[in-house]
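If you're matching them up, the sequences are chains A and B in order. In this text, residue positions in the first sequence follow the numbering used here: the first is 1, and each later residue adds one. In this text, residue positions in the second sequence follow the numbering used here: the first is 1001, and each later residue adds one.
Rather than coming from a laboratory, the hints here were simulated on the basis of the structure. Keep in mind that the hints are not guaranteed to be accurate.
Straight-line C-alpha distance at most 25 Å; calculated DMTMM-like pairs for lysine to aspartate or glutamate [what the hints assert, rightly or not]:
#1 Lys111/A / Glu1214/B
#2 Lys1041/B / Asp71/A
#3 Lys22/A / Glu237/A
#4 Lys22/A / Glu141/A
#5 Lys11/A / Glu1184/B
#6 Lys22/A / Glu9/A
#7 Lys1045/B / Glu1194/B
#8 Lys1045/B / Glu1113/B
#9 Lys1221/B / Asp1203/B
#10 Lys11/A / Glu141/A
#11 Lys1045/B / Glu1032/B
#12 Lys1041/B / Glu1113/B
#13 Lys1045/B / Glu1029/B
#14 Lys111/A / Asp14/A
#15 Lys1041/B / Glu237/A
#16 Lys1045/B / Glu141/A
#17 Lys1041/B / Asp138/A
#18 Lys111/A / Asp171/A
#19 Lys111/A / Asp1126/B
#20 Lys1221/B / Asp1175/B
#21 Lys1045/B / Asp27/A
#22 Lys1221/B / Asp1076/B
#23 Lys1045/B / Asp1175/B
#24 Lys111/A / Glu9/A
#25 Lys1045/B / Asp138/A
#26 Lys1221/B / Glu1069/B
#27 Lys1221/B / Glu203/A
#28 Lys111/A / Asp35/A
#29 Lys111/A / Asp138/A
#30 Lys22/A / Asp138/A
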Amino acid sequence: MKRGRILFEGKTLDVTEGQGGKVQLPDGRLLAETDVQWLPPVAFGTIIALGLNYADHVKELSRELTVTSKDAPLVFLKGPNSLVGHREQTPRPVGAAFMHYECELAVVIGKTARRVSANHAMAHVAGYTVCNDYAVRDYLENFYRPNLRVKNRDACTVIGPWLVDAADVPDPHALGLRTRVNGQVTQNGNTGDMIHRVAELIEYLSGFMTLQPGDVILTGTPDGVVNVQPGDVVETEIDGIGTLVNTLAAA
Amino acid sequence: MQLQHPILGDGRPLGTVYGALLNDRATVERLEPQFDSAPYKAAPKAPVLYIKSRNTLVPSGAVVQIPAEPGEVRIDATIGLVIGRTATRVSVDQAMEHVAGFVVVSDVTLPHENYYRPAVVQRNRDGFCPVSAVLRSQPGFDIDNATLSVSINGQRAYERSFATLVRPAAQLVADVTEFMTLSEGDVLLLGPGEGSPVARPGDQVRITVPGLGELSHGVAKETQA
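Isolated chain B (complex conformation) (with noise of 0.2 Å):
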């Protein structure tokens, strides 16, 4: 596979691109009950991250390719917040002035259902991170509101809600920032939404938000070349 980068509107390569994992309420209520016995013992405090290395990145059109064991990924379908200024311990309030524009993401990933250790090698294998153009929003687009829709060979597939974050994306910024700092170029993805379909070789996947645009790609299975 060619290892094309997503390219910011001036030519630019994207910057680093973090994900907040259990971001999402359904699936923190889901997960709650494990939350205080091993592995984890006690309910995450700051937000779960993770990073979505260079060699994951590809634009709108690409086809990833994928293992032939399990056969399968999840597409994480996402937001995702791009920065347009350095933001450092910013406020809830302020945030958003960070951020310069939108990306939809299709965080693609091996399955797997545990949280313990970083999944570097369900999450960072080639490819596995389809990234929009950076997008204008229509006006009146709320990222606290946004909704977005799975297809697959085009058949709706999955729909969620950006109103049941556990942290919306401003709450977000101000707690990552609180710890680490965001450059320009850099992109913080909202996160994996609660029950996120699962595509296959041959399989077309479409990642619509209603306001602000769309993302596909193909999946293929892995050549050894």
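If we strip away everything but chain A, and leave its shape as in the complex, we get (with noise of 0.2 Å):
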């Protein structure tokens, strides 16, 4: 089952997807994805992140930061402020010179998390969406790194459009992901090269933080980010989980 939020005649709606990808509207209605106002999937509540996440990425930025993958992941919060939904635009601030994209695997919690062992972690996972979580490196500051002027400015959190029940996704860690840029494929990894997987995440976090439903971990991105500007159209796909959309636009 894929379940999805929308604004629609000036209501928030619970749907889910119809046939052909459509939009399914509480009253049994099918609508085009094109024709609706996506929400975040859910009303979420902690927002987690990781950075540094992926092999691949770290090794890219390993001579900076010195990081390896023994290392505690990497976690930071976000506000409800950067969230925003499918097809919404994202404000590029002016001025900034590089801005760029990250598209990652989204866990969404279902059930009370607290010091849960890796063994048991995923009974606690609802299931799994698309985030966009954008990064502007201009603002990056070596406090609290990444700092929330770069990771939490509003709209540049896009998630959705699709929550995917966990029973309808198998493994996690075999899920190829994408990113394009006006139709160019820039960024192509997998959810196997994860080096914290979701189930050791949740044992790491729910052994200080109760994870509830609704808490979302947003579990970091592959090498491949690339500037981008206002008027790109930037799709961010996992296999299995969705295509979300979202355009850059002029703050």
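These two chains come separately, so use the hints to put the complex back together.
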């Protein structure tokens, strides 16, 4: 089952994926996915994000950061102001030299998790969606890196379109993911290359903070991020989860 | 520990709780000699912000459970600005019009002295953010000259003033909303003071802000339940 949320005729509606990828309303009507205004698929609680969680991305940055895969996960948090749905626009700050997308598998918690071992962790996952977690690198400073000015700007975390039930994703570490900018593939990876996998992340996080239904973990991005400009159409895609479309706007 | 959120006056939960680090001049002056070397390499320019996630939020009277190692926590006692209406790119002059009230906050953290990475493990444990009710300030209360005291087990342990902030309340709201929106119910903490006191299991912590109100909470050893 794929579930989403849309704004339609002034109301927030819970919708499901109908035949041919159409959006099925609660009353059974089917609409084209381009004819609705998409919201994030869940009213998310705590938004947890991972940095440097793909081997190739770490390699790319390792000279600068002296990180290794044996380090504890690099975790940061985000606020709901950052979230925006499928097919919405994301502003690119005026004067910024380097803003890039990040295609990420988003893991949505379905059942409260407190001190859960990796062996039992997957039972706490409700499902998965796609996230494009933009960063504006100009504002990177070495305090609480990556800071909120880089990562928590309004509408800079695109998420959706669908929440795909965990039962429909037998192995979340065997999914191709890619990003296209104006139709050109610029990022190409596989969730199998994550350093800290979903089950380990749930064990690690729930070891000190209770994860609650609706909390979401953005699991990081592989190598291949490039600068994007106003007008660019960015599609972040994960096999079996969905294709998330976003357009850059001038701020 | 039961997770029970503090609420606004009308029963709705608080929004997102953000905090500002390195917002006390004495702390910045102490650390300044380090700022030019690794890992920082330069002094901070924008506000250094963090989030106290919903699992950390507990009301006054809560008992904060802390891990056996290191067996103590730092009490970064502070005041939070409660946002009353949406604030995006507000000016310093108009910033306080977006603030509906104040909360007294015990921003609990495992002791640490590194600012390079977000200190989520240290600051975001369950119950690590006792928050008072939203307080109506008494006439004459001035956030830019407010003072705060912490007592532990009835003994005065710490005092600070909000007259020595790097970014006073209005400036902080302006600088934060330059790049992110604060919404109704969100809270912006003015940040830790220099030399925060330490609390251990069995301690009773009371934070008082004259002209505003107070917050109390206990500290206990974490149970495995």
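How the hints compare with the structure:
1. Lys111/A / Glu1214/B: violated (35 Å)
2. Lys1041/B / Asp71/A: Measuring from Cα to Cα gives roughly 22 Å; hence the hint holds.
3. Lys22/A / Glu237/A: Since the Cα atoms of Lys22/A and Glu237/A sit roughly 17 Å apart, the hinted pair holds (cutoff 25 Å).
4. Lys22/A / Glu141/A: Violated, because 43 Å separates the two Cα atoms, which is more than 25 Å.
5. Lys11/A / Glu1184/B: holds (21 Å)
6. Lys22/A / Glu9/A: The given pair, whose Cα atoms are some 17 Å apart, holds under the 25 Å limit.
7. Lys1045/B / Glu1194/B: holds (19 Å)
8. Lys1045/B / Glu1113/B: holds (19 Å)
9. Lys1221/B / Asp1203/B: holds (10 Å)
10. Lys11/A / Glu141/A: violated (41 Å)
11. Lys1045/B / Glu1032/B: holds (13 Å)
12. Lys1041/B / Glu1113/B: holds (16 Å)
13. Lys1045/B / Glu1029/B: Holds: Lys1045/B and Glu1029/B sit about 15 Å apart, inside 25 Å.
14. Lys111/A / Asp14/A: holds (20 Å)
15. Lys1041/B / Glu237/A: violated (37 Å)
16. Lys1045/B / Glu141/A: holds (8 Å)
17. Lys1041/B / Asp138/A: The given pair, whose Cα atoms are some 15 Å apart, holds under the 25 Å limit.
18. Lys111/A / Asp171/A: holds (19 Å)
19. Lys111/A / Asp1126/B: holds (17 Å)
20. Lys1221/B / Asp1175/B: Since the Cα atoms of Lys1221/B and Asp1175/B sit roughly 38 Å apart, the hinted pair is violated (cutoff 25 Å).
21. Lys1045/B / Asp27/A: Violated - the C-alpha atoms of Asp27/A and Lys1045/B are around 52 Å apart, more than 25 Å.
22. Lys1221/B / Asp1076/B: holds (19 Å)
23. Lys1045/B / Asp1175/B: holds (10 Å)
24. Lys111/A / Glu9/A: violated (32 Å)
25. Lys1045/B / Asp138/A: holds (12 Å)
26. Lys1221/B / Glu1069/B: Given that 25 Å is the threshold and the Cα spacing comes to 10 Å, the pair holds.
27. Lys1221/B / Glu203/A: holds (22 Å)
28. Lys111/A / Asp35/A: Outside the cut-off at roughly 33 Å; violated.
29. Lys111/A / Asp138/A: Violated, at roughly 38 Å.
30. Lys22/A / Asp138/A: violated (39 Å)
When held up to the earlier numbered hints, the structure conflicts with 1, 4, 10, 15, 20, 21, 24, 28, 29, 30 and fits the remainder.
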